[in-house]
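Whole structure, please, built from the sequences with the hints as guidance.
Here the protein sequences come in this chain order: A, B, C and D.
Just so you know, the first sequence maps onto residues 0 to 289 in numbering that gives the first Met the number 0.
Just so you know, the second sequence maps onto residues 0 to 289 in numbering that gives the first Met the number 0.
Just so you know, the third sequence maps onto residues 0 to 289 in numbering that gives the first Met the number 0.
Just so you know, the fourth sequence maps onto residues 0 to 289 in numbering that gives the first Met the number 0.
It should be emphasised that the hints constitute simulated quantities derived from the structure, not laboratory data.
Take the hints with a grain of salt, since some may be wrong.
Identical chains blur together in the list; that is why a pair holds if it fits in one copy or across any two.
Taking lysine to aspartate or glutamate and the EDC-like style, the derived pairs with C-alpha atoms no more than 20 Å apart in a straight line are [to be verified]:
#  : residue 1 : residue 2
1  : K103      : E201
2  : K237      : D248
3  : K34       : E125
4  : K237      : D223
5  : K198      : E24
6  : K34       : D218
7  : K128      : E36
8  : K1        : E99
9  : K128      : D64
10 : K128      : E201
11 : K103      : E272
Number of protein chains: 4
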Amino acid sequence: MKIGFVGLGNMGVAMARNLMRAGHEVTVWNRSPEKAEPLLAEGARRAATPAEAASGEVVHTMLADDRAVEAVTFGENGILSVPTRAIHLSHSTIGVPLAERLTKAHAEHGSVLVSAPVFGRPAAAEAAKLFVVVAGPDGAIETCQPLFDAVGQKSFIVGDNPPAANLVKLCGNFTILAAVEALAEGMTLAEKGGVAKAKLLEVLTGTIFGAPVYQIYGDILVKDVFRPAGFSAPLALKDMGLVAQAATDTRVPMPVLAVLRDHLLSTIAREGEDIDCSGIARTVAANAGL
Amino acid sequence: MKIGFVGLGNMGVAMARNLMRAGHEVTVWNRSPEKAEPLLAEGARRAATPAEAASGEVVHTMLADDRAVEAVTFGENGILSVPTRAIHLSHSTIGVPLAERLTKAHAEHGSVLVSAPVFGRPAAAEAAKLFVVVAGPDGAIETCQPLFDAVGQKSFIVGDNPPAANLVKLCGNFTILAAVEALAEGMTLAEKGGVAKAKLLEVLTGTIFGAPVYQIYGDILVKDVFRPAGFSAPLALKDMGLVAQAATDTRVPMPVLAVLRDHLLSTIAREGEDIDCSGIARTVAANAGL
Amino acid sequence: MKIGFVGLGNMGVAMARNLMRAGHEVTVWNRSPEKAEPLLAEGARRAATPAEAASGEVVHTMLADDRAVEAVTFGENGILSVPTRAIHLSHSTIGVPLAERLTKAHAEHGSVLVSAPVFGRPAAAEAAKLFVVVAGPDGAIETCQPLFDAVGQKSFIVGDNPPAANLVKLCGNFTILAAVEALAEGMTLAEKGGVAKAKLLEVLTGTIFGAPVYQIYGDILVKDVFRPAGFSAPLALKDMGLVAQAATDTRVPMPVLAVLRDHLLSTIAREGEDIDCSGIARTVAANAGL
Amino acid sequence: MKIGFVGLGNMGVAMARNLMRAGHEVTVWNRSPEKAEPLLAEGARRAATPAEAASGEVVHTMLADDRAVEAVTFGENGILSVPTRAIHLSHSTIGVPLAERLTKAHAEHGSVLVSAPVFGRPAAAEAAKLFVVVAGPDGAIETCQPLFDAVGQKSFIVGDNPPAANLVKLCGNFTILAAVEALAEGMTLAEKGGVAKAKLLEVLTGTIFGAPVYQIYGDILVKDVFRPAGFSAPLALKDMGLVAQAATDTRVPMPVLAVLRDHLLSTIAREGEDIDCSGIARTVAANAGL
Chain A
0 MKIGFVGLGN MGVAMARNLM RAGHEVTVWN RSPEKAEPLL AEGARRAATP AEAASGEVVH
60 TMLADDRAVE AVTFGENGIL SVPTRAIHLS HSTIGVPLAE RLTKAHAEHG SVLVSAPVFG
120 RPAAAEAAKL FVVVAGPDGA IETCQPLFDA VGQKSFIVGD NPPAANLVKL CGNFTILAAV
180 EALAEGMTLA EKGGVAKAKL LEVLTGTIFG APVYQIYGDI LVKDVFRPAG FSAPLALKDM
240 GLVAQAATDT RVPMPVLAVL RDHLLSTIAR EGEDIDCSGI ARTVAANAGL
Chain B
0 MKIGFVGLGN MGVAMARNLM RAGHEVTVWN RSPEKAEPLL AEGARRAATP AEAASGEVVH
60 TMLADDRAVE AVTFGENGIL SVPTRAIHLS HSTIGVPLAE RLTKAHAEHG SVLVSAPVFG
120 RPAAAEAAKL FVVVAGPDGA IETCQPLFDA VGQKSFIVGD NPPAANLVKL CGNFTILAAV
180 EALAEGMTLA EKGGVAKAKL LEVLTGTIFG APVYQIYGDI LVKDVFRPAG FSAPLALKDM
240 GLVAQAATDT RVPMPVLAVL RDHLLSTIAR EGEDIDCSGI ARTVAANAGL
Chain C
0 MKIGFVGLGN MGVAMARNLM RAGHEVTVWN RSPEKAEPLL AEGARRAATP AEAASGEVVH
60 TMLADDRAVE AVTFGENGIL SVPTRAIHLS HSTIGVPLAE RLTKAHAEHG SVLVSAPVFG
120 RPAAAEAAKL FVVVAGPDGA IETCQPLFDA VGQKSFIVGD NPPAANLVKL CGNFTILAAV
180 EALAEGMTLA EKGGVAKAKL LEVLTGTIFG APVYQIYGDI LVKDVFRPAG FSAPLALKDM
240 GLVAQAATDT RVPMPVLAVL RDHLLSTIAR EGEDIDCSGI ARTVAANAGL
Chain D
0 MKIGFVGLGN MGVAMARNLM RAGHEVTVWN RSPEKAEPLL AEGARRAATP AEAASGEVVH
60 TMLADDRAVE AVTFGENGIL SVPTRAIHLS HSTIGVPLAE RLTKAHAEHG SVLVSAPVFG
120 RPAAAEAAKL FVVVAGPDGA IETCQPLFDA VGQKSFIVGD NPPAANLVKL CGNFTILAAV
180 EALAEGMTLA EKGGVAKAKL LEVLTGTIFG APVYQIYGDI LVKDVFRPAG FSAPLALKDM
240 GLVAQAATDT RVPMPVLAVL RDHLLSTIAR EGEDIDCSGI ARTVAANAGL
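If you want it as structure tokens, here you go:
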């Protein structure tokens with residue numbers, strides 16, 4: 000398929016590469032052009048603008064935050080600045096209000112939005128092992144299915160209204176961080192009581208906690224190594240802010256969310272902006288005097 | 000093996016029955032004697048006192064709280080009221096200070112304590128699918144291994160100091176409730192945003208949350224049926240109180256624990272004492288006006 | 000002095016009236032023009048646009064939120080849409096980023112911003128008993144002093160950088176709600192333990208809690224009457240959102256703030272949008288099963 | 000009046016001295032006898048046991064915690080170990096269950112308990128400026144009134160059931176710490192936003208926060224000096240534990256209480272056992288990277 004890919008961070012580069020490997024013809028665009036070099040060397044074409052990247056059948060966007068998605072969509076030379084029939088396949092973790100605005104703008108523009116945020120850290124992106132959460136019109140989803148298969152191990156259709164996928168993704172990121180926080184609190188208690196963190200983790204993952212979320216993050220917590228960040232604390236703070244926005248808009252108190260945001264703030268304040276989100280375990284431990 | 004079993008609640012009856020099925024000769028004692036009837040009909044012998052139940056090689060205790068364990072151990076006609084060489088195999092979820100006191104009292108008494116709290120709801124106990132977390136002297140653990148195998152699907156040795164097993168068990172129960180709380184908060188957010196709870200759960204368990212803790216409790220939350228209680232809210236509140244005691248004693252702030260305790264209190268205050276601990280989801284939903 | 004007044008809600012009408020009583024010549028503007036009627040009857044002049052209201056020496060703005068302040072300042076026919084030398088005296092409770100933006104925009108426009116948010120509920124506004132928190136250039140503050148005296152009982156100069164006043168105001172509103180929350184939690188505990196709320200309040204205000212914040216809100220809590228709202232829960236939620244924004248931007252975890260936001264959300268979800276912010280006491284009580 | 004005084008810590012010594020100055024004949028007892036020396040030099044008599052201190056009309060107890068009150072009341076040579084008609088005037092901050100137990104034990108013993116916990120730091124005790132919260136039988140309160148007047152500036156009768164006074168006292172200590180926490184969070188936010196803590200405090204205490212609780216603790220927070228402790232963090236943690244016990248027993252969720260306990264734990268873990276309870280401000284600041 001002839002597709003565009005906008006946004007070449009850690010995740011985006013890996014996804015675009017896997018799309019190329021699956022035989023798709025990929026035109027890329029990134030705000031900092033040098034990020035595109037490796038892909039160009041592997042056969043990608045460079046677009047001069049996001050609009051140009053949207054000249055194929057589908058244009059993927061995979062960007063850091065709402066502002067970046069707004070810029071490439073609504074900005075000068077953005078995706079909606081020219082007539083296009085490309086399906087906008089939005090992988091970024093964005094807020095529900097922006098997803099609603101994108102849905103509406105595409106409808107008015109005569110094009111289609113499919114929200115398809117992904118679960119997985121960079122290693123999973125490289126291995127084409129992402130999970131893709133999808134919402135959008137049936138036909139468009141069908142068209143995009145080979146693209147989901149090229150980047151992920153499984154896709155989930157959660158409805159025909161694109162913002163639903165973003166809400167599910169935000170709930171997922173919240174649940175991940177909540178699992179990390181609970182692990183960190185439990186491990187700190189165990190450690191101060193004389194039980195090794197690794198021993199607690201062995202029991203938990205050997206009983207009813209045998210899920211990747213505990214295995215992946217438990218391992219990071221036991222090793223106590225939080226750099227380089229796979230999913231940085233400031234990005235997680237941004238996501239938790241989007242969750243909070245959705246919670247405020249729909250009047251849902253979420254006390255565990257409040258703990259997570261405070262611990263992300265404290266972790267960033269004390270450890271710096273480059274730490275992984277699982278570094279909240281450092282804050283939990285520091286608060287216990289460790 | 001000739002063994003005693005003290006404490007015939009939902010969990011205890013199922014465990015004693017599985018021990019009998021595995022060929023052990025079981026003498027039982029319960030404060031309310033009628034709870035023993037079914038087991039007597041199946042061939043168990045009745046002891047007149049906890050002390051009498053401790054006349055075999057091993058005496059199991061499986062009771063609701065610290066006070067009950069203290070009563071059958073230190074009380075009149077308790078396990079330590081007579082000379083005995085029986086290994087005290089303590090399955091109850093008790094606090095670290097009581098586990099320390101039991102360890103010391105047995106040492107002075109010339110007997111041995113093995114802490115072996117279990118993970119699993121009543122259905123798992125009936126199916127002999129419990130997970131057993133064990134700490135105690137090597138030799139005693141070896142002796143008890145067939146008993147662990149009779150009641151559980153797997154056992155974990157976490158050290159030779161019995162209280163370590165109790166601390167691990169408490170950390171586990173904390174992590175379970177934290178997972179339920181996070182699920183409940185996420186589901187409530189999804190629901191108020193127009194995404195069905197079952198859909199969110201499908202995505203979570205299909206990605207990196209594919210552990211029994213999410214499957215078992217997620218299913219309960221989707222069905223919104225919290226009675227009869229498998230693990231009641233007041234019992235969970237008691238456990239979280241034991242976690243808080245350990246956290247206070249070792250100076251460990253645990254903000255998620257605070258949320259759990261408050262939600263258990265609120266759930267009990269609003270729904271009654273007979274609700275399952277996963278009924279905290281009702282409080283999360285009620286707080287959002289659902 | 001010849002002044003303009005933009006924003007005629009409960010607070011604004013009372014303030015504008017007191018300015019007229021102090022002898023100032025007041026031109027008023029409000030988005031819904033009918034709100035101006037009473038003041039016109041008392042001698043005020045009506046401006047056709049916010050810009051026209053800024054044709055005197057000073058233009059006051061007293062609006063509900065950031066968006067409204069942006070509209071009357073930066074919007075079509077806004078204060079900055081025409082050349083003006085009027086001091087912009089901003090009384091609204093707005094966020095620090097908007098205060099910074101206003102400061103910069105006025106500097107570029109050749110005019111001056113003075114931030115002067117006020118403490119006090121509508122009754123205090125009517126009685127000209129507000130407290131005015133002021134930050135801005137010295138000369139401008141001197142010019143405005145008679146205006147502060149006309150609406151308030153006392154003014155505090157907190158610096159020459161306008162956003163400082165807004166930050167102090169936000170900290171104040173946070174502290175007010177925190178006092179209400181603590182009172183509500185204490186009163187609920189007392190009540191469920193058999194001590195009347197009024198008795199607890201009598202002791203607290205008779206000892207080291209003899210401040211208006213406890214007297215005013217304690218009285219509301221004892222009476223359990225939260226309508227009509229003097230300071231509504233949605234407005235308080237908006238303010239706490241501004242505090243959270245400042246806290247996020249400067250990396251400050253504020254766990255009590257999280258409790259307040261969750262209780263405001265729950266109060267609005269359960270009681271409706273028209274309840275006073277002190278109605279969080281209803282949520283505290285409901286959570287205890289009262 | 001002929002009275003006994005049991006418990007000569009910072010608070011007790013100052014209270015006993017003021018009772019002597021008011022003309023009462025005071026017999027003292029303390030576990031560590033050397034603490035009595037200064038009072039003996041000023042004319043007090045030493046009792047050999049708590050029971051002996053209870054041989055007058057009234058016996059005051061002012062001790063650190065539940066355990067100490069239990070020891071001097073129920074222990075060997077304790078107040079209830081001999082027949083006595085002395086009114087037991089209990090000033091300690093104890094839990095509601097112990098107050099209930101004391102009430103019952105005195106009734107069975109034919110004697111009377113009056114609960115009379117006090118508000119005030121050591122400086123207030125020395126200046127006879129305590130506030131006394133009183134509950135007990137009318138006649139006994141009348142008898143004790145001169146004693147309240149000797150140690151305090153004001154007394155409050157909250158009922159005839161002694162535990163009511165203890166509950167009110169616990170609610171008060173909770174409210175004090177909540178005020179300190181809110182101040183600390185607000186000051187940290189102000190400071191990181193460029194506003195001096197002293198400036199924020201000036202505005203707050205100059206408006207609707209003009210109560211001693213803000214003046215006394217605000218001053219400590221501005222100076223950032225938390226040693227020597229007037230009311231130590233471990234004692235405050237004990238008190239908050241008693242509040243939590245009452246809250247658990249009566250099913251009252253108190254989320255701000257949870258924050259306070261976690262911050263006391265963190266403060267003790269990081270700063271040591273000798274810090275004042277207001278040192279929670281250090282934890283708030285540290286969590287913000289200050």
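Going down the list of hints, with the structure as the test:
In this assembly of identical chains, K103 and E201 lie within 20 Å of each other by CA distance neither inside one copy nor across copies; the values are 48 Å within and 28 Å between. In the homo-oligomer, the alpha carbons of K237 and D248 lie at most 20 Å apart both inside one protomer (16 Å) and across protomers (11 Å), since each shortest distance falls under that limit. Taking the shortest alpha-carbon separations for K34 and E125, only the intra-copy value of 16 Å comes in at or below 20 Å, while the best inter-copy value is 58 Å. Taking the shortest alpha-carbon separations for K237 and D223, neither the intra-copy value of 23 Å nor the inter-copy value of 32 Å comes in at or below 20 Å.
Taking CA atoms no more than 20 Å apart as the test, K198 paired with E24 passes in neither setting, with 49 Å inside one copy and 34 Å between copies. In the homo-oligomer, the alpha carbons of K34 and D218 never lie at most 20 Å apart, since the shortest distance is 30 Å inside one protomer and 44 Å across protomers. Taking the closest pair of Cα atoms, K128 and E36 never come within 20 Å of each other, the shortest separation being 24 Å inside a single copy and 55 Å across copies. For a Cα distance limit of 20 Å, the shortest separation of K1 from E99 qualifies neither inside one copy, at 27 Å, nor across copies, at 46 Å.
Taking CA atoms no more than 20 Å apart as the test, K128 paired with D64 passes in neither setting, with 22 Å inside one copy and 45 Å between copies. Taking the shortest alpha-carbon separations for K128 and E201, only the inter-copy value of 18 Å comes in at or below 20 Å, while the best intra-copy value is 25 Å. Taking CA atoms no more than 20 Å apart as the test, K103 paired with E272 passes in neither setting, with 35 Å inside one copy and 28 Å between copies.
Violated hints for the displayed structure, listed by number in ascending order: 1, 4, 5, 6, 7, 8, 9 and 11.
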